[in-house]
Amino acid sequence: MAEQYAIEMRGITKAFGSVVANHNVELKVRQGEILALLGENGSGKTTLMNMLSGIYRPDAGEILVDGKPVSIQSPEDAKRLGIGMVHQHFKLVDVFSAADNIWMGSQEKDFLLHKSRYDRIRKVTEKFGFDVDPEKKVYNMAVSEKQTLEIVKVLYYGAKVIILDEPTAVLTVQETRKLFDVLRRMKAEGHAVIIITHKLNEVLEISDRVAILRKGEYITTVDTATTNEQALTEWMVGRKVDLNIQRPQVEKTRPLLEIRDLTIKNDEGAVAIDKVNFYIRGGEILGVAGIAGCGQKELCEAIAGLRPIQSGQMIHKGENIVGLSPKAILDKGISMSFIPEDRLGMGLAPSLSIIDNMLLKSYRDGKGIFVDRKRGREEADTVIRELGVVTPSAETPVRRLSGGNVQKVLLGREIKAGPNVLVTAYPVRGLDINSSYAIYDILNRQKKDGVGILFVGEDLDVMMALCDKIMVLCHGRLMGVVHAHKTTKEELGLMMTGALDLTGDEGRHAKGIAKDTRFGEEVEE
Amino acid sequence: MKPKQPLFHVVKRDHVSRGQLVLAYVLAVVIAVAVGAVLLTVMGVPFGAFYQKMFTLGLLDNKFAYKNVENFIKLFVPLLITSLALALAFRMRFWNIGGEGQFTLGALCAGAVAMQLGDSLPRIVVLLLMALAGMLGGGLYGVIAAILKVRYGTNETLLTLMFNYMALYLLAFFGETRGAWNFFLDPQSPRPRFMTFPEGAQMLTIPLGKFSLNVSLLVALALCAGIFVYLKYTKQGYEIAVVGDSPNTAKYAGMKVGAIVIRTVFLSAALIGLAGAFCVSSAGVLSTSLTNDVGWTGIIVAWLAKLNVLGILVASALITVLQYGAQAASVTYSSVDANFADLLQGMILFAVLAADFFTRFKLARSAHSGEVAK
Amino acid sequence: MNDTSAASILVLFLFNIIVYNIPLLYGTVGEIITEKAGSLNLGVEGTMAVGAMFGYLAGAWTDNILVGLVVSFLTAALCGLLFAVLTVSLQANQNVTGLTITTFGVGLYFFIGKGVGQNWPTMQQAPGLSAAFGEIHIPVLSDLPVVGKVLFSHNPLVYLGLAIAVLAWWYLSCTRMGLKLRAVGENPGAADSVGVNILLYKYLNLMLGSGIMGLGGFYMALNMSGSFEGSNCWVNGYGWIAIALVIFANWNPLYAILGTVVFGFFNTLQVYAGTLASAFPDGLGWLNAVPPHLFKALPFIITAIVLVVSSIRNREGSGQPAALGLNYFREER
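Chains as they are written, first to last, in the numbering used here: chain A, 1 to 525; chain B, 526 to 899; chain C, 900 to 1232.
Treat the hints with caution; some may be incorrect.
DSSO-like mimics (lysine-lysine), calculated; alpha carbons at most 30 Å apart, straight line [to be verified]:
#: 1; chain 1: A; residue 1: LYS123; chain 2: A; residue 2: LYS68
#: 2; chain 1: B; residue 1: LYS760; chain 2: A; residue 2: LYS416
#: 3; chain 1: B; residue 1: LYS781; chain 2: A; residue 2: LYS367
#: 4; chain 1: B; residue 1: LYS735; chain 2: A; residue 2: LYS374
#: 5; chain 1: A; residue 1: LYS317; chain 2: B; residue 2: LYS781
#: 6; chain 1: A; residue 1: LYS317; chain 2: A; residue 2: LYS374
#: 7; chain 1: A; residue 1: LYS160; chain 2: A; residue 2: LYS146
#: 8; chain 1: B; residue 1: LYS599; chain 2: A; residue 2: LYS367
#: 9; chain 1: B; residue 1: LYS781; chain 2: A; residue 2: LYS374
#: 10; chain 1: B; residue 1: LYS578; chain 2: B; residue 2: LYS776
#: 11; chain 1: A; residue 1: LYS136; chain 2: A; residue 2: LYS332
#: 12; chain 1: A; residue 1: LYS374; chain 2: B; residue 2: LYS776
#: 13; chain 1: A; residue 1: LYS199; chain 2: A; residue 2: LYS252
#: 14; chain 1: A; residue 1: LYS136; chain 2: A; residue 2: LYS252
#: 15; chain 1: A; residue 1: LYS252; chain 2: A; residue 2: LYS137
#: 16; chain 1: A; residue 1: LYS187; chain 2: A; residue 2: LYS252
#: 17; chain 1: A; residue 1: LYS332; chain 2: B; residue 2: LYS831
#: 18; chain 1: A; residue 1: LYS374; chain 2: B; residue 2: LYS578
#: 19; chain 1: B; residue 1: LYS776; chain 2: A; residue 2: LYS416
To be clear about the criterion: a stretch of chain C counts as covered by chain B if any three or more of its residues have a C-beta under 8 Å from a C-beta of chain B, and this derived list gives those stretches [to be verified]:
#: 20; region: 1178 to 1190
#: 21; region: 1198 to 1210
Hints listed in this document are in silico derivations from the structure and should not be mistaken for laboratory results. Note that this is a predicted model, so its numbers are computed, not measured. Cβ coordinates follow ideal geometry from the N, Cα and C atoms, glycine included.
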């Protein structure tokens, strides 16, 4: 008899419009094990898990729970089957107490809301070993408290299979450690745990087995004990390609953009960027590495004038640009493009045509009250031709283009504007190899033209090959700036997780350290 | 557990062709008219004859048909301009449901100019001043909600709703309160009554035989063309498109989103005020029922037309035909109320809203993932 | 004018505040339930008109107030069902759908009323109905001076309205179903993820809310003695005032009772200002100087101020559901 799994997913396929998020994916989880679901951003991990938790329904494929085929039409079905998911964006009602957030979905037959529910929930919480105040309102909770509440909620509903979507992204190191203790305890109690992550160190630390997805495809599942970071990375990013990205040597100019003691808060009011210093010179590409949510987005927005800063200075060609309007910053030649995970959120107007999107930053130019669509059309045609954008016409709404083409349109427009500082975040997100190389070429051409480029990336191999220097952020703090050709992946990885801080004295002898690490202090190159 | 599996589930559509859209809408209108026919039959009214009377506006075999057309235009122009104006605000996802109030205030301000200056200045100057006063009155009234929304996030739907009633009672106050200061009232009348405007404040007409063409119709049509060009070709129109599509992107492009919203809402409300000015100038007198519900109906028209200028022209004509036609037909068929138009209007929109669903979403066959196992 | 008649005018004024404005309470409580489910239904006016027309006709023809109540509730609930089908299942815009319900409902009201024509049943022809709507006498309480008349000798539908408001509060605040309902209105994604049946909750509560509005319409029909006029709808804008009252009451049915009294006070004052001024020339003579339109507009002015002030002071403590007016589509990306 074949081994019985807590969860078995076979041949799962799910598409959103023309984008295939999951294609023929397999997944098996045993009871009492922790399975890590590993993959880069956009590899389809969350989509797959959302099908298990009833948010999405698969287009094809089947799901088995305890060996029996099931149909999960709604979260309610998932709950009944003992599947619970802790979403990355918490699903909590802010104005409710912790207890009521649990109570609204629990199985009790009570008709009324008795005060006793607080005690009942407190008891269960304590039994599981958590510390949650049932009467505390969610809007008064810290992030880690909310996460704990989500886990308690899932356990309270009697979940046997628990899915956590990037649970450590919002946690401090200590909180992560506590979370992992919790997961181990759940495993010991016989729960099956699936943890979505793209952090290798965590995978190796916590999981029993690892399932790997790449670009929506299922790659393999391996025992954690028999694998290592190299192997996992290879599966995650694909066959080891000789990246062979060019890094032309260009005469560097003086710093174009200097950032001094910059502190920024995120939307929740927490510090996103904490007293960061760095500079970008003309003719160089400065990479920004860090795990998701370490402040890259806030940094980009601050430079573009879209986010107020708490303190510090941003000096462009000797002039402080703090407090200038986005328009004024644009006029100074600082261009920012950010590809968010949904690809359309910032930088493009999805319902408008390529032509109109070309004009987004330049429509004010020219006299008169009319928009110069003729120029827009010319620019659109150039970008379509030069970057090989696949589209029925320049009139097509951007929404209907595929991801790669959307990004080409976006980057094409930024370059057309002729900036002297180009901030670009995730420009190759979701692109195939050829398109990616086309983008790298475009960036290198800009570099040769003396443009200073800030490249926020995800793929360390690419950054090490493309960038001149790489700065690493961890929880909003600068861990150091290293020369890309001298550093190693290990060094970067250690810095990204906060294990290595080159800004202090111990960084003096590190391999790749660049002088920007300690601002203003000369270090030999 | 026995897996249950619906045959279909709902997914979002990427794109729908113009032909499908038109077909869906035509179907919606047909369904509504058919349901109306059933209702008429239940009431014992021959629906064929009723509809004929209604859709021909009672023009056939009517020697005063030209009068009917004149009155039709008086209903049509305010609705057209108001719908057009509302579409401007809706394009930015600003839920201005305060059309009634802005219309009323525009009419009141224009009326003040008419009563004060109607005799003393040349007609064309008076009419221009009335239009200007109407636009300022409506525009400033509307822009309050926009400023509060931008500044504090005040819910504009509910706030503009409140503003409607405040304007209505203000107008009623002027219409029903005697006093030496109240120049709106007719001093001769025993009961408080709005006084008819002086000749110099009445809308210009161009005589064409017996028929006199109301100049406001020409202005309204010119406005249609103007708004079309404004939205499609100007920089401000471009800003409206971007802000309406994605406020984040607009901010990123350096647009001052708040200022654009305020500017556009002002324009929208000012045009509604202008419609109010035209309306009173054509009627030649203020009245507490002067809006004829255009602030509400305009929303329905704008939505029917998908905020598209050409569509608004068609939809507002259709709705006016329904309203005016139902009035004309109910003269013959006294058991049918003139509000039958509202009933039809409602049903058409229900059908269109339902049809909209199928243009935005589609039903996809579900996967047979959960076939029942033994 | 002597003191006793002046006092009796005051008592009558207070009595009428309640009699004439209880329909606002029905409308408001119905809309609160609807909005707590996250749906902004601007169709209160039309829903009340539908409930009024069908409820009255059914009640008058059968000469039975219970039939009237049930029919007004059910027909209005059908309006709620229509709203739910369009906005919940078909994802139509809530503002537009609500307005259309009003246009449609008022249109239907006149269509039916005019259509019945000669066969119109008057209240005189329905003695049972009239009697059932009459003022009741509660032993002891009704005989108390002043309060006996003002509070304890109304028609039964006044007390039904108050009972519904209290029950609605109890339902929203003290029951599990109410908790789930509020979750749907605050964060449908969260409610959905823990297995609350969004579809069921939205449909049931939108229908329940609309049904309650319909009862308010029925009340108005009876209060107007069921006399149909071709030009004026019985509901006469009360549906819109109810929407304002929801904000004033901060989405709490108990505050809605208070709000009804406050709004009703101004509504009734507008009618009684002259009488009160002449009954109490020393204390209330100034009422004559105030234009009655101000009293009519005051509820809306107050509500607008409440709306603006609460938005300036952020959402803290506001009862406005966070997802009000937003449609929920589970597979939204």
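Structure-based check of all given hints:
no.	hint	in the structure
1	A:LYS123 / A:LYS68	violated, 33 Å
2	B:LYS760 / A:LYS416	holds, 20 Å
3	B:LYS781 / A:LYS367	holds, 20 Å
4	B:LYS735 / A:LYS374	violated, 49 Å
5	A:LYS317 / B:LYS781	holds, 25 Å
6	A:LYS317 / A:LYS374	violated, 33 Å
7	A:LYS160 / A:LYS146	holds, 21 Å
8	B:LYS599 / A:LYS367	violated, 40 Å
9	B:LYS781 / A:LYS374	holds, 25 Å
10	B:LYS578 / B:LYS776	violated, 53 Å
11	A:LYS136 / A:LYS332	violated, 49 Å
12	A:LYS374 / B:LYS776	holds, 24 Å
13	A:LYS199 / A:LYS252	violated, 34 Å
14	A:LYS136 / A:LYS252	violated, 56 Å
15	A:LYS252 / A:LYS137	violated, 54 Å
16	A:LYS187 / A:LYS252	violated, 54 Å
17	A:LYS332 / B:LYS831	violated, 39 Å
18	A:LYS374 / B:LYS578	violated, 50 Å
19	B:LYS776 / A:LYS416	holds, 20 Å
20	1178 to 1190	violated (count 1)
21	1198 to 1210	holds (count 7)
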